[in-house]
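Respectively, the protein sequence lines represent chains A and B.
In our numbering, each residue's number is its place in the first sequence (first place is 1) plus 983.
In our numbering, each residue's number is its place in the second sequence (first place is 1) plus 43.
Please keep in mind that the hints were generated in silico from the structure rather than gathered at the bench.
Every residue, glycine too, gets a C-beta built ideally from N, C-alpha and C.
Hints are supplied without guarantee of correctness; some may be wrong.
[Unchecked claim] So, partial list: chain B residues that the calculated Cβ filter (under 8 Å) puts toward chain A:
id, residue
1, D121
2, A289
3, R383
[Unchecked claim] When the alpha-carbon atoms are kept at most 27 Å apart in a straight line, the in silico DSS-like pairs for lysine-lysine are as follows:
id, chain 1, residue 1, chain 2, residue 2
4, B, K245, B, K226
5, A, K1074, B, K306
6, B, K135, B, K102
7, B, K245, A, K1110
8, B, K151, B, K245
9, B, K135, B, K151
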Amino acid sequence: MATLLEVRDLTTRFHTLDGVVHAVNGISYTLEEGQTLGIVGESGCGKSASVLSVMRLIPEPPGKIAAGQVIYRGQDLLKLNESQMQHIRGKEIAMVFQDPMTSLNPVLTIGRQISEALIVHMGMTQKQAYQRTLELLNMVGIPQADSRYGDYPHQFSGGMRQRVMIAMALACMPSILIADEPTTALDVTIQAQIIDLVKTLRDRLGMAVIWITHDLGIIAGLAEKVIVMYAGFIVERGDVDDIYDDPRHPYTLALLKSLPRVDRSSKERLATIPGLPPDLLSLPPGCPFAPRCAYVIERCRQENPRLEIVDSHHEIACWVDVGTGRER
Amino acid sequence: MTQYIIRRLLQAIPLLFIISLILFILMRNTGDPLATMGGRRLTRPEDRERLARQFGLDKPIYVQYLYWLIGNDWTKIDMDGDGIPETPGTRKGVLRGEFGTSLVIRGKPVSTLIWERLPNTLLLMITTEVVIIIFSIIIGVYSALRQYSVIDHLVTTVSFVGYSMPIFFIALASMYLFAVNFKKWGLPYLPTVGMFDPQIGKTPAQVALHMVLPVFSMALISIAGYSRFVRATMLEVMNEDYIRTARAKGLPNFTILFIHALKNASLPLVTIIGLDIPMLLGGAIVTERIFAWPGMGRLFLDHVSRADTPVVMGILMLISVAVIVFQLITDIVYAWLDPRIRYT
Chain A
984 MATLLEVRDL
994 TTRFHTLDGV
1004 VHAVNGISYT
1014 LEEGQTLGIV
1024 GESGCGKSAS
1034 VLSVMRLIPE
1044 PPGKIAAGQV
1054 IYRGQDLLKL
1064 NESQMQHIRG
1074 KEIAMVFQDP
1084 MTSLNPVLTI
1094 GRQISEALIV
1104 HMGMTQKQAY
1114 QRTLELLNMV
1124 GIPQADSRYG
1134 DYPHQFSGGM
1144 RQRVMIAMAL
1154 ACMPSILIAD
1164 EPTTALDVTI
1174 QAQIIDLVKT
1184 LRDRLGMAVI
1194 WITHDLGIIA
1204 GLAEKVIVMY
1214 AGFIVERGDV
1224 DDIYDDPRHP
1234 YTLALLKSLP
1244 RVDRSSKERL
1254 ATIPGLPPDL
1264 LSLPPGCPFA
1274 PRCAYVIERC
1284 RQENPRLEIV
1294 DSHHEIACWV
1304 DVGTGRER
Chain B
44 MTQYIIRRLL
54 QAIPLLFIIS
64 LILFILMRNT
74 GDPLATMGGR
84 RLTRPEDRER
94 LARQFGLDKP
104 IYVQYLYWLI
114 GNDWTKIDMD
124 GDGIPETPGT
134 RKGVLRGEFG
144 TSLVIRGKPV
154 STLIWERLPN
164 TLLLMITTEV
174 VIIIFSIIIG
184 VYSALRQYSV
194 IDHLVTTVSF
204 VGYSMPIFFI
214 ALASMYLFAV
224 NFKKWGLPYL
234 PTVGMFDPQI
244 GKTPAQVALH
254 MVLPVFSMAL
264 ISIAGYSRFV
274 RATMLEVMNE
284 DYIRTARAKG
294 LPNFTILFIH
304 ALKNASLPLV
314 TIIGLDIPML
324 LGGAIVTERI
334 FAWPGMGRLF
344 LDHVSRADTP
354 VVMGILMLIS
364 VAVIVFQLIT
374 DIVYAWLDPR
384 IRYT
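Take the sequences, apply the hints, and build the full model.
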């Protein structure tokens, strides 16, 4: 498979009044055509900032993409000017956001919001765009598309709004769909519907998907590759099966332990990770996870481990072998 | 919606009654229209009594209000002062569409006085309002986009200076610069007073030329305030998630700004414009005075200072009705701009 997107050493910082927030700290990954990549981690670990950097949607100022490259089909997106970038956004790489309640413009009809991308990117006429919008609404499972074309977002439920968001993102048949926690704001049954919808459409349209979530349970049935992020670093990366069956990073391990499972007694207390993610304003010199880590050794507090290959297609950034509890 | 409009209009009726009653009482207690009527000569007591009887000012205030409201052609009034009403009244009253006649310019109907001045005021004020809206949106949007840039800081500073400046100072300063000094320096200069040059006549070009300075003076102050307002609401809207969505769609900046953002940001703007427009009818008293613009502001000032109740009441009631009507229009525009707003 051909490489579609290659992110190299992406570093994003926010220059706030309190100091510099190190949101993304030199992450690299590749995305192949048609592949689904899951990015997991707690809130505030740089998942969203990393994909917003790819889209160049980081508000500048205070944000700044300090270093790195984002190679999409051979061109570095970070070097494009704003109007060139407009041709990438929505057309080549599209995005679905977390909260469908606030991500749709309340004063414009959903028909207009979907069709405007078609008019801008595909050069369609109003009429063609209208027809295509109806097809898209049908595709994402919104019944009576023609009567709902002129409706406003507040006339839709949360799940339906997220379907509208997906229709909007898929309007121009992008090669990559970035889904930034698209199901977090929805209730569980609707979550499942939305995930199924994205899966179906991904397979039908053959696009690559980057799916961001804090919920490892969602990723299992969806992604082929998984990246685990912590404090703006990638701490573990591998094929989805490796991550679930053989997690090597203490953070991944802890995340998996904190998942509720149907096959375990409900009387057992769910495991939690003690403490909070580090303050991204002042990262400790060693491994950022060290203060919360159950396997911490002296070296962890001195040096931040780099991402290293431990198995084929499986990389971790850790000094410790979680199997033995000793330094690798 | 229609129901809502009808209900609001019905609610306006008692409101207008209360407003008119309060204004009438205030007007009748703040000055004596007969005091200045004799011109330079002192008015003799018997003349004063005669005039008071003619104008109905000898009646108790509630009767005066009643006559103003429903007229006095259904009764007889005592004109010769012998205590026996003998002359049939002629006034029809406001409810039958007659605002009475001026006390100062004797016998001239209030409606004629107002109709002579209203178009002049509307011309000046609507032009000013349009200038204000256009410039404050441009300046406000620009400084919101380039927040904390040099130009934003410059605009902020100029706004505060402009906002803190009294209108008469700006008016006189602009006259001094653009009329007096420009003439002295041999540059093309602007006229300072009136609507047109009597020697040339009332051509559109003349009127436009005479409007430049008053419009500039009034607009400058309001643009300062409005543009801060537009900047604040635009900053708020630009941080909304749906703006990020619009950017993620790859829309051009113009579409994002003027369709996705401004339509949301215009709601609070519509509110203040809706409150401002009826006030325009009253004209800008100070500005019209300084630039000798024959508008409602000057009419109001000339007549209020001589306690000319019918004229002042006419102007104030016109403004009151306009306030109510424009509040309703504002509500309707609101519903049009924001589909989430529904009136029942």
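Outcome of the hint check:
no.: 1; hint: D121; in the structure: violated (64 Å)
no.: 2; hint: A289; in the structure: holds (7 Å)
no.: 3; hint: R383; in the structure: holds (5 Å)
no.: 4; hint: K245/B to K226/B; in the structure: holds (23 Å)
no.: 5; hint: K1074/A to K306/B; in the structure: holds (25 Å)
no.: 6; hint: K135/B to K102/B; in the structure: holds (17 Å)
no.: 7; hint: K245/B to K1110/A; in the structure: violated (51 Å)
no.: 8; hint: K151/B to K245/B; in the structure: holds (24 Å)
no.: 9; hint: K135/B to K151/B; in the structure: holds (15 Å)
Checked against the numbered hints above, the structure breaks hints 1, 7 and satisfies the rest.
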